[in-house]
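Engineer: If you read the protein sequences in the order shown, they are chains A and B. For the record, in the first sequence the residue sitting at position 216 is 234 according to this note's numbering, with numbers rising by one throughout. For the record, in the second sequence the residue sitting at position 17 is 79 according to this note's numbering, with numbers rising by one throughout.
No lab work stands behind these hints, which were simulated from the structure alone. Predicted, not measured: the structure shown is a model, and the values here were computed from it. Glycine included, every Cβ here is placed at the ideal spot set by N, Cα and C. Mixed in with the good hints there might be a few duds.
Just a few of them, taken from the derived set where beta-carbon distance is under 8 Å, the chain B residues facing chain A [said to hold, decoys possible]: (1) Trp85; (2) Gly99; (3) Val102; (4) Thr134; (5) Gln157; (6) Cys158; (7) Asp185; (8) Ala189; (9) Arg194; (10) Cys195; (11) Tyr198; (12) Gln199; (13) Ile201.
Within a straight-line C-alpha distance of at most 25 Å, the following computed DSS-like cross-link-like pairs (lysine-lysine) qualify [stated by the list, open to error]: (14) A:Lys236 to B:Lys71; (15) B:Lys203 to A:Lys625; (16) B:Lys203 to A:Lys214; (17) A:Lys587 to A:Lys723; (18) A:Lys302 to B:Lys123; (19) A:Lys677 to B:Lys203; (20) A:Lys265 to B:Lys123; (21) A:Lys236 to B:Lys123; (22) A:Lys270 to B:Lys123; (23) A:Lys664 to A:Lys302; (24) A:Lys515 to A:Lys338.
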Amino acid sequence: MSTNNISRRNFLRATGITGAALCLGFSFSSNGKEPEVIGAAIADGVIELNAWIRIDTDGKVTLVDHRAEMGQGSYQSVPQILAEELEVNLNDVNIVFAPGNKEKYGNQITGGSSTIRGSYKNLLKLGATARNMLITAAAAKWGAPATECYAESGNVIHRPSGKKFHYGELVADASKLEPPKDVTLKQKSEYKLIRKPLHRQDTPLKTNGTAGFGLDKKLPGMMYAAVVRNPRLRGKVKSFDDTAALKVPGVKRVFKVRMGVFKTFREGVAVVADSTWAALQGKKALRVEWDDTGFEHLDSAEIFKRQQEKLHTEDGLILKKVGDPDAILQNAVNKLDVVYQTPYQSHSAMEPVNCVAHYQQDKLEIWGPIQAPEWVQEYISEQLGWPKEKVTVNMTFLGGGFGRKAFMDYPHEAAMISKEIAAPVQVIWTREDDATQGPYRPGITYRCQGVIKDGNISAAKFAMAGQNNDHWRSGKTNQANRSTSEGFLKPYFDTIKNISFAEVQFETPIPTMWWRSVYASTNGFAYESFLDELAHAAGKDPLDLRRQYLNDERCQRLIDKMEEVSGWKSRKKNEGYGCAITECFSSTVGQIVKVSRNTDGKIRIDKVWAVMDCGWYVNPDIIKAQVEGSIVMALGAATIHEITFKDGLVEQRNFYDYKMPRINDIPPTEVYIMENDADAGGVGEPGLPAFAPALTNAIFDLTGKRIRKLPFDIAAV
Amino acid sequence: MISLNVNQKDYRIDADPNMPLLWVIRDIIGLTGTKYGCGVAQCGACTIHLNGEAVRSCVTKLSRADGQKITTIEGLSNNNDHPAQIAWNQENVPQCGYCHSGQIMSAAVLLRENPDPTDADIDSAMAGNICRCGTYQRIRKAIHTAAALQRKEGASK
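Turn these sequences into a full structure, and let the hints steer you where they fit.
Structural biologist: Spelled out as structure tokens, the structure:
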């Protein structure tokens, strides 16, 4: 199997093109209409590269993964969908990553858990279209009606006679056909690959060192660069002293470099050398003076204090409001009015940010662990004042992404360095760069107010004060954050008769960005913990309270499943059970956490049960793996690590002070998937938000202690 | 000039003797399966075997390995068929996969030293390897599977 990215030359080499091939792709228009299936033209043995499916005369099948593979499984799930309708064996296909190209591959941004839910209907249609054309071609060759023919494992078979053609024998004829407009898709019951826990095609590459990540990309004549960037995240280079850096053997050049960070720019000083080690040594020897004027140098304590103050003095921008919660709160004798707090976090993917760029006079090619190749293409061509076609952006495998690598700063910086030295360059961010430079998940404070009357919720009012990622991206700072209620289930807006959500505007100079499950990762903790508080105030079982208010059928079934698998109702003495249910990216996940005390008195997480409702799905084992991993990531963010600031500087530098969960920290986890006929929802992120509140709700159940601030030290509870 | 034997092949390396083996292996020898994760022996992504023992190549200087034997993930087996590699595939362990060269190299030493490790043995041997994707539950399972494979292999020999 090849993992080449498809540049035209690579594609030809990878597929060994000789003569004809059947190539199908899409034409995506900018008007948001459904894309049209088109055949890809072949001229002079050169194929137009919008092919998503390519079948050669020797029967070799090449399928494109248009999304980043960062662990979530696109390299498996995208081909698994295509191969199902195409009727080929997954082990026989060649999988290649698409370069960034919005017109050919549509949306490629690998974020918002969108790989499957954003493409599966198109992919099914494309596979079925190719199958249909191959069957039509075979039927014509046999002079038989197409209805007598069917496809299986890369062959078309004539049912009455048992005659068969393998796909390679049909491509010359099939490629001359016009792709049909309407094709019949398989029924769910006919699936051979979809919904099966097939082994991932990238696993063998990841157990013998052959998977090519960003840092593994090498080019002839490639130089290595490391960059000193402003530790205060903003501001300019005042001056630098490169005397010592240039004395490091292997260091060739030192110069100022500038990269775009959302709507602003960040300056740094690049050290270019003939090896990674020399570049890192040169970076250490470099002295830079920064001009930080115009930006506040904040401490974490000050950030959260201001958030609290604002929440108690400002109403903020109302995002959603049903009924009149304010009137009820004003008149209530007993009300809950509490504050929750969640920290800034770093993505800290195991592969630190890095990028290879090769700038030549009239073209630029980029390789890297990139979540949004088409965004990088657009942004950098804009910065260079070039048409998009001159910038090629190739995705390697990503050693984790979690949102950080959906960002254009590091490819832009690499391109600028390559331009300056007129040679290909690999820019490596050290772990310290990765940890101290952001952008971060924003730290957020929530104010949650509620009134219970006659055992029911008569009012709930939520307000959030935290940095708004959308403001950083769009530059528009006076719009309410549409993510303020992310994670909160929609049925509550019908069943809680008086409810509101507001964003209290809060900004700092700290760049912020999506972090796995985005605002649901923090909202979920505040809102689902507060619902637990309301349940206890109402004298109700917390899971029963959810059952009462989440009155839609899918939620009811999810709750039944949570109860059934966890033994919620049959808990023993000295066991704490907590539940939480969150929704994000069109999938709902419920979790039950069980805790108890060790003989030394410390809290132990005995078990986590997670139930995922993501509707239509591809690979149940990948879903389970994603939820298992999300829970570990949530455990770290809830109980182990946080990013803090002092005098505008990030205080954590590496895994010794930004500690990660380790194998001995994790609870046993069981994951269940709901079966239904709903459309596909996301998988990579929705498993994360429910864990923290389910854990702290379980701790409350066991100890009576309510945890309202993350991270907390579980050993000290 | 420093002599290394990497995956049973001899190399003469002309480089800064302070250069960590990680960069020698990746940038000079060109074997990129060994990964950079932290540079300070905190994450285990760079784990290799030096004379059969698991070491963090990001903090092991080139000079320390003069005349010695190194195994990287590329040299652990000929056909991706070390019991740990087979088990990792069988149990669908990797997600992003970046840390797993190091995970497998650590597991291989554990499996050699302890043919039937308990969960606690696995936790203590593998606690130096971070997986940000959180595949730990499967790593544990795969090591049990690998141990069983290894015992079966041993019995059939």
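Engineer: Which earlier hints turn out false for this structure, listed by number in ascending order?
Structural biologist: none
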